[in-house]
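Chain by chain, the residues:
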Amino acid sequence: MNEELDSQLSAMFDDELPPPECELLARRLSRDEPLKARWGRYAIVGAVIRAERGVRLNAPLAGRVNAVLLAEPALAAHTAPRDRTSARLRWWQPLAAGAVAAGVATVSILWLRAQSPAGDAPLAARVAQPQAAVGAARAGTAAQGDSYIVPVTKPVGVMVPSTELANYVVAHSMFSPPVARRNLLSSFMTSEPAAAGTDEPQSDVKTVAQ
Amino acid sequence: MSADASDLSLVRRVQRGDKGAFDALVLKYQHKLVKLVMRYVRNPAEAEDIAQEAFIKAYRALPQFRGDSAFYTWLYRIAINTAKNAVVSRDRSPVEYDLDRNNNDESYDMQGRMKDSETPEGLVLTDEIRSTVNAAIDALPEDLRTAIVLRELEGLSYEEIAAAMDCPVGTVRSRIFRAREAIDRRLREVFEGGLGRAEELG
Chain P
1 MNEELDSQLS
11 AMFDDELPPP
21 ECELLARRLS
31 RDEPLKARWG
41 RYAIVGAVIR
51 AERGVRLNAP
61 LAGRVNAVLL
71 AEPALAAHTA
81 PRDRTSARLR
91 WWQPLAAGAV
101 AAGVATVSIL
111 WLRAQSPAGD
121 APLAARVAQP
131 QAAVGAARAG
141 TAAQGDSYIV
151 PVTKPVGVMV
161 PSTELANYVV
171 AHSMFSPPVA
181 RRNLLSSFMT
191 SEPAAAGTDE
201 PQSDVKTVAQ
Chain B
211 MSADASDLSL
221 VRRVQRGDKG
231 AFDALVLKYQ
241 HKLVKLVMRY
251 VRNPAEAEDI
261 AQEAFIKAYR
271 ALPQFRGDSA
281 FYTWLYRIAI
291 NTAKNAVVSR
301 DRSPVEYDLD
311 RNNNDESYDM
321 QGRMKDSETP
331 EGLVLTDEIR
341 STVNAAIDAL
351 PEDLRTAIVL
361 RELEGLSYEE
371 IAAAMDCPVG
381 TVRSRIFRAR
391 EAIDRRLREV
401 FEGGLGRAEE
411 LG
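Keeping their order, the protein sequence lines are chains P and B.
Counting from 1, position 74 in the first sequence corresponds to residue 74 in my numbering; the numbering is continuous, with no gaps.
Plus 210 on top of the position in the second sequence (first one is 1) and you've got my numbering.
Simulated from the structure, these hints should not be mistaken for laboratory data.
It cannot be assumed that every hint is accurate.
Derived coverage of chain B by chain P (criterion: at least 3 residues anywhere in the stretch with Cβ under 8 angstroms from a Cβ of chain P; other residues may be distant) [said to hold, decoys possible]: (1) 228-242; (2) 289-302; (3) 357-370.
Glycine residues also receive a C-beta, built at the ideal position from the N, C-alpha and C atoms.
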């Protein structure tokens, strides 16, 4: 073994090695088993000189500690820098996480409700929406004068022609209770006078105002 | 020279996840710690168990160690507290061991020896190590022997030894190293050649 290295090891054992050299030697010591064994024997020499009676000099204590620590996680994960700033910020992190989660949940609910074919709005209102859009488009184009804007209504999956639905309800009337059948048919007649008799959805409205 | 620099460099390595560096710290302080614990418990095997527990506690608490005090001072406190707790919990449990200790010191010592006798070759080896080291120290030249004894027995720094021996600090470092080398050469023969138990060191 290198004599200079052993000399450094002896000085390090006595805490008499300059810190930069300590750093380098500590790195080697943690990996080099023969060097570590020599380090252990230096400790034995000291124990004998101090006449440490009752101490078993060949005690496998280091091996036992090492065996226990093998099952332990390395400390690197626990020793992240802990400055005051991070300690101060740490308390609101759960709150922030909760707020983000709540925000995502709210957006998801709103989005799902917007996409849902069976929203909260009554059937009449839902069917009337495209009509209103057409009316607004017409009014807008009329107001703009020389405009060639052609508003396109998004296809709405829930647009069930009232006639078809009425026919369906009538055709299956024998399976529905009379009260429910009457309520449904009367609601068609009272709330959808404009849509009654229309067979096609008001999907594409092409208005050209000159 | 900053005091405790070598321990601190090992501690920093452990804190960065290097378990091998902690092994070096255990090797360095295990005998001191067992001797310390034996002020509280007289049974060497029990002292070793408590020292082991103290080392493991120290390892787990090492992320909180900032180096404000020397590592050994910090380890010393952990070991003392562990030993006190062990004594208290042992005193609470009415075991035959305590009765023996209170009523008959001789039987207590006998019990301690019986635990040690679980590894009879260990006792033989300890005696052989002790006699080998003592013989090697006796065989050292006067200047080397004085230097190593002042360091290990009196705990003097290299600078203090240099002042005491009226020589440069570098000479003290060299003398201590050469003394250790001479002793270690004899000691290796015991571990490797004699009983072949070098592996028990680590």
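Okay, the hints, checked on the actual structure:
1. 228-242: holds (count 14)
2. 289-302: Since 0 is below three, the answer is violated.
3. 357-370: With 7 residues in contact (Cβ-Cβ under 8 angstroms with chain P), the coverage given for the region 357-370 of chain B holds.
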